[in-house]
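Following the hints, put chain B in place on chain A, whose structure we already have.
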Amino acid sequence: MSTSQTTTTEHHPALAHQFDSMAQQQEASTFGMWVFLLTEIMMFGGLFTAYLIYRIKYYDGFVAGSTSISVSWGFANTLVLIASSFTMAMAVWAGEKGIRKAQMGFLIGTMILGAAFLCIKGEEYYTKYDECHIPGRVIGKGFDATGGCSAQDPKLGNIAEEVQQHAKELGKTVPEASALQTARQSEIFFSFYFLMTGLHAFHMLVGMGLLSWLFLRSKRGEFGPAYHTPLELGGLYWHFVDIVWIFLFPLLYLISRHAHAV
Amino acid sequence: MAEQSHPTPKLYAIIFITLSILTCATWAIAFADLGIFNPIVAVTIAVIKAVLVILFFMHVRYSSRLTKITVSAGFFWLMILITLSLSDYLSRTLRVVP
Chain A
1 MSTSQTTTTE HHPALAHQFD SMAQQQEAST FGMWVFLLTE IMMFGGLFTA YLIYRIKYYD
61 GFVAGSTSIS VSWGFANTLV LIASSFTMAM AVWAGEKGIR KAQMGFLIGT MILGAAFLCI
121 KGEEYYTKYD ECHIPGRVIG KGFDATGGCS AQDPKLGNIA EEVQQHAKEL GKTVPEASAL
181 QTARQSEIFF SFYFLMTGLH AFHMLVGMGL LSWLFLRSKR GEFGPAYHTP LELGGLYWHF
241 VDIVWIFLFP LLYLISRHAH AV
Chain B
263 MAEQSHPTPK LYAIIFITLS ILTCATWAIA FADLGIFNPI VAVTIAVIKA VLVILFFMHV
323 RYSSRLTKIT VSAGFFWLMI LITLSLSDYL SRTLRVVP
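Order-wise, the sequence lines are chains A and B. The letter at position 187 of the first sequence is residue 187 when you use the numbering used here, and the numbering goes up by one with no holes. The letter at position 35 of the second sequence is residue 297 when you use the numbering used here, and the numbering goes up by one with no holes.
In isolation and in its complexed conformation, chain A is listed as follows (with noise of 0.2 Å):
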């Protein structure tokens, strides 16, 4: 097993003079890897939490504005990224073996598919602007679930009119006022939209910044069966950022979708 080192000058030019062995040194760096995702865990929890405090309050409201976000791109983009993890995995898997070429094979097919990933949010992001239903006053032309804002049809974005259809086909009646404040109190289900996939879109960012590090390593040849803990590492925090999604999708995708049907 890890035979000291302390007393030889021979040793592999990344252990770092602290550890005994590289063994002891990876096992040190995946526990504080770890600590630190557990500190990112709280943060999203504590937004997952108070998501779910306000959606049990303005049910309604959330189930408006959920239903008018692309559930065809919300899961194309969960497809892209569980794909990503693969190419990920795959890329650690590369190193553990140290075969340069298929570390960068898979680490540029990563940061591919993290871009269709951001694209696509883009192209979401975009149709909410157009449509006016960005949350606050500062952005656009300010938050405004009635309709005729998109530029591209006036009669996109009504929320108000959406839910006052949708009640027509179930048999119900809601009155105009009823399904304005509806309408309204979607502006919470935006904001909880925005900060909840701007702040992983931000980690998915970061992520790609992580990618191209290790991409430049992975050419230098630093990585092999003695030495990987950075791609693993970064592996790490890269699968982290798709459990995030995991759970982003069902929960602002898929409220009451059944009975809405696209």
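Do not rely on the hints blindly, as some may be mistaken.
Stated by the list, open to error - Restraint-style ranges between C-beta atoms, simulated for each label pair:
| # | chain 1 | residue 1 | chain 2 | residue 2 | range |
| --- | --- | --- | --- | --- | --- |
| 1 | B | I302 | A | Y126 | 30 to 36 Å |
| 2 | B | A275 | A | H12 | 30 to 36 Å |
| 3 | B | L352 | A | P225 | 50 to 56 Å |
| 4 | A | K141 | B | T270 | 52 to 58 Å |
| 5 | A | G140 | B | C286 | 32 to 38 Å |
| 6 | A | L79 | B | R323 | 33 to 39 Å |
| 7 | B | Y351 | A | A115 | 36 to 42 Å |
| 8 | B | L273 | A | V138 | 46 to 52 Å |
| 9 | B | R323 | A | E123 | 35 to 41 Å |
| 10 | A | C119 | B | I302 | 29 to 35 Å |
| 11 | B | P271 | A | A115 | 19 to 25 Å |
| 12 | B | P301 | A | K141 | 30 to 36 Å |
Just so you know, the hints here were simulated from the structure itself, not pulled from any lab data. Note that the structure is a prediction, hence the values are computed from the model and not measured. Glycine is no exception: its CB is placed at the ideal position from the N, C-alpha and C atoms.
Positioned in the frame of chain A, the structure of chain B alone reads:
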């Protein structure tokens, strides 16, 4: 300890296919009316997917006890956050501002 064998590409591919199938399932089930069970099924599938990613892609299944305990502690703490906060909010009346 840390030099345990990690999964093979074949296992990674199986996990990837399973995750894709579960994603399709959660999407398809969302359009079926299951009443109160819609969100429950959606979150259950999400939890299964997250566990698969953590155990295999993140190598926790092959990691030391220290890592396993750290990860479990984190999710236990998250459950405390959600359960205690919700039990408080759900057992009080929050004034809904129109």
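Each hint tested on the structure:
{"no.": "1", "hint": "B:I302 x A:Y126: 30 to 36 Å", "verdict": "holds (33 Å)"}
{"no.": "2", "hint": "B:A275 x A:H12: 30 to 36 Å", "verdict": "holds (31 Å)"}
{"no.": "3", "hint": "B:L352 x A:P225: 50 to 56 Å", "verdict": "holds (52 Å)"}
{"no.": "4", "hint": "A:K141 x B:T270: 52 to 58 Å", "verdict": "holds (54 Å)"}
{"no.": "5", "hint": "A:G140 x B:C286: 32 to 38 Å", "verdict": "holds (35 Å)"}
{"no.": "6", "hint": "A:L79 x B:R323: 33 to 39 Å", "verdict": "violated (24 Å)"}
{"no.": "7", "hint": "B:Y351 x A:A115: 36 to 42 Å", "verdict": "holds (39 Å)"}
{"no.": "8", "hint": "B:L273 x A:V138: 46 to 52 Å", "verdict": "holds (48 Å)"}
{"no.": "9", "hint": "B:R323 x A:E123: 35 to 41 Å", "verdict": "holds (37 Å)"}
{"no.": "10", "hint": "A:C119 x B:I302: 29 to 35 Å", "verdict": "holds (33 Å)"}
{"no.": "11", "hint": "B:P271 x A:A115: 19 to 25 Å", "verdict": "holds (24 Å)"}
{"no.": "12", "hint": "B:P301 x A:K141: 30 to 36 Å", "verdict": "holds (33 Å)"}
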